[in-house]
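Given only the sequences and the hints, what does the whole structure look like? Please build it.
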Amino acid sequence: MVKEIERAGLPVVHICTVTPISMTVGANRIVPAIAIPHPLGNPALTMEEEKHIRRKIVETALEALETEVDDQTIFDVKY
Amino acid sequence: MKKLELGNILIHDVQFSNEGSKVENGVLYVNKEEICKIALEDENIASCEVFLARPGESVRITPVKDVIEPRVKVEGKGGIFPGWIAKVDTVGEGRTHVLKGAAVVTTGKIVGFQEGIIDMSGPGADYTPFSKTMNVVVKMEPVEGLKQHEHEYALRIAGFKIACFLGELGRNVTPDEVKTYEFDNIVESAAKYPNLPRVAYVQMLQSQGLLHDTYVYGVDAKKTLTTIITPTEVMDGAIVSGNCVSSCDKNPTYVHMNNPVVTDLFEQHGKTLNFVGMIITNENVYLADKERSSNWSAKLAKYLGCDGVIISQEGFGNPDTDLIMNTKKIEAEGIKTVIITDEYAGRDGKSQSLADADPSADAVVTGGNANQVIVLPPMETVYGHLEFVDTIAGGSANNIDAHGNITVEIQAITGATNETGFNYLSAR
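Top line first, the protein sequences correspond to chains A and B.
Mapped onto our numbering, the consecutive letters of the first sequence carry residue numbers 4 to 82.
Mapped onto our numbering, the consecutive letters of the second sequence carry residue numbers 38 to 465.
Simulated from the structure, these hints should not be mistaken for laboratory data.
Since the structure is predicted, the reported quantities are computational estimates derived from the model, not experimental observations.
Glycine included, every Cβ here is placed at the ideal spot set by N, Cα and C.
There is no bait here: all hints are sound.
Residues of chain B clear of chain A, computed beta-carbon distances all greater than 12 Å:
1. 40
2. 66
3. 89
4. 93
5. 112
6. 126
7. 184
8. 187
9. 216
10. 303
11. 345
12. 402
13. 424
14. 458
So the derived list for chain B, only partly shown, Cβ under 8 Å to chain A, looks like this:
15. 322
16. 323
17. 324
18. 355
19. 358
20. 393
21. 394
Covered stretches of chain A, going by a simulated chain B footprint (3 or more residues, C-beta under 8 Å):
22. 15-24
23. 33-39
Quick look at the structure:
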């Protein structure tokens, strides 16, 4: 899906846990997620802490969208 | 030097008995009440039924929770299933008796997904190794309202207890054959076989959470760091299964006890290679865990001075990444690898087989394509619950036709594409 949308001319950020697979399949902008069963949350945290990490992931993804890349790039989230 | 003797008592039939359970002249006699009493010791188990399933019978067992081989420790430290049934003494030395040819198969409504089919005859029987064993099928249902983890735990432990009870019946029986497995420490073996290539086995253990867990000496594998275990320990049940989802490529406890990679490496030890040890590593759902565990696999393979390793995967999907990480990092240490996996290449076999890949993974043994479709004709008897067969992995809605034929992918069949080679699929 990432590749097809990019082929249509729109930049894509792939948020995913297993970034090596994202690299293998050819995503250009990758943001690491939390874990496979809960990519965008963490049930071990409080609601407030979860909201914080979610916001950070989304902000990182938005920044990645605005960033020019020459090669496949992983944008680490700064929690 | 470590030595374990496996005394195989060959079981060629299983029968019910109104007297006490016993092993006599290669027949396992099972008293239902004795089995159910063990299961019902656990207040979380509400009901227990016992059935027998023999090769060639028109019997289907589904869903399959676990398959376990009855064994008993007759000499040496510790006992079978350390950390669960026995205390945590280090096992793998002395003598163990095996009811070879018998198996305990646990069934009943299982937490969440209801997975795994064993057909004792017909085309499905060719795909599961457990159509060839004399099976004591134990169907257990939980008390109402039991939570998922407690349910899984109750069934798992009951299976081990029953297997140990049956194994105990072989304590004083003279085995039909005795196989000896000797294992030197790394200094001794290096001195004995200076010219043979040093080969280790890296076994990846499924550890993704409920119904996807494996345990080592009672410890949840997802909470472990990659470590070394001596290969005879697994023959005494040091590694056990807590997983049965997509059962074609999960290792039931029976497979851990009879791991063919271990026995084949023993077979070649001192002849074509020096089997230096076994590394066990997990397959967790966090990327950092995957990185750390595979880093440690490579570190330990190097530490053992390996020239080559065999890596077996358990499961598919994201564990493909663990597999490729292990391969890449071990190869980067100058150690050759062969990987054993299976494939999800689509029903036509034309899709990419693994979710991840790398040029260093250039020696691959496959257990088969789990998406391959098979039609299973109806069986006269079903032990367990057939009603779930359309919702299991490899199944699909309305996949039972008017004649009772079930169309499924072979991933629904217990052990069909096993990634330790404990299966029957072959290109030959």
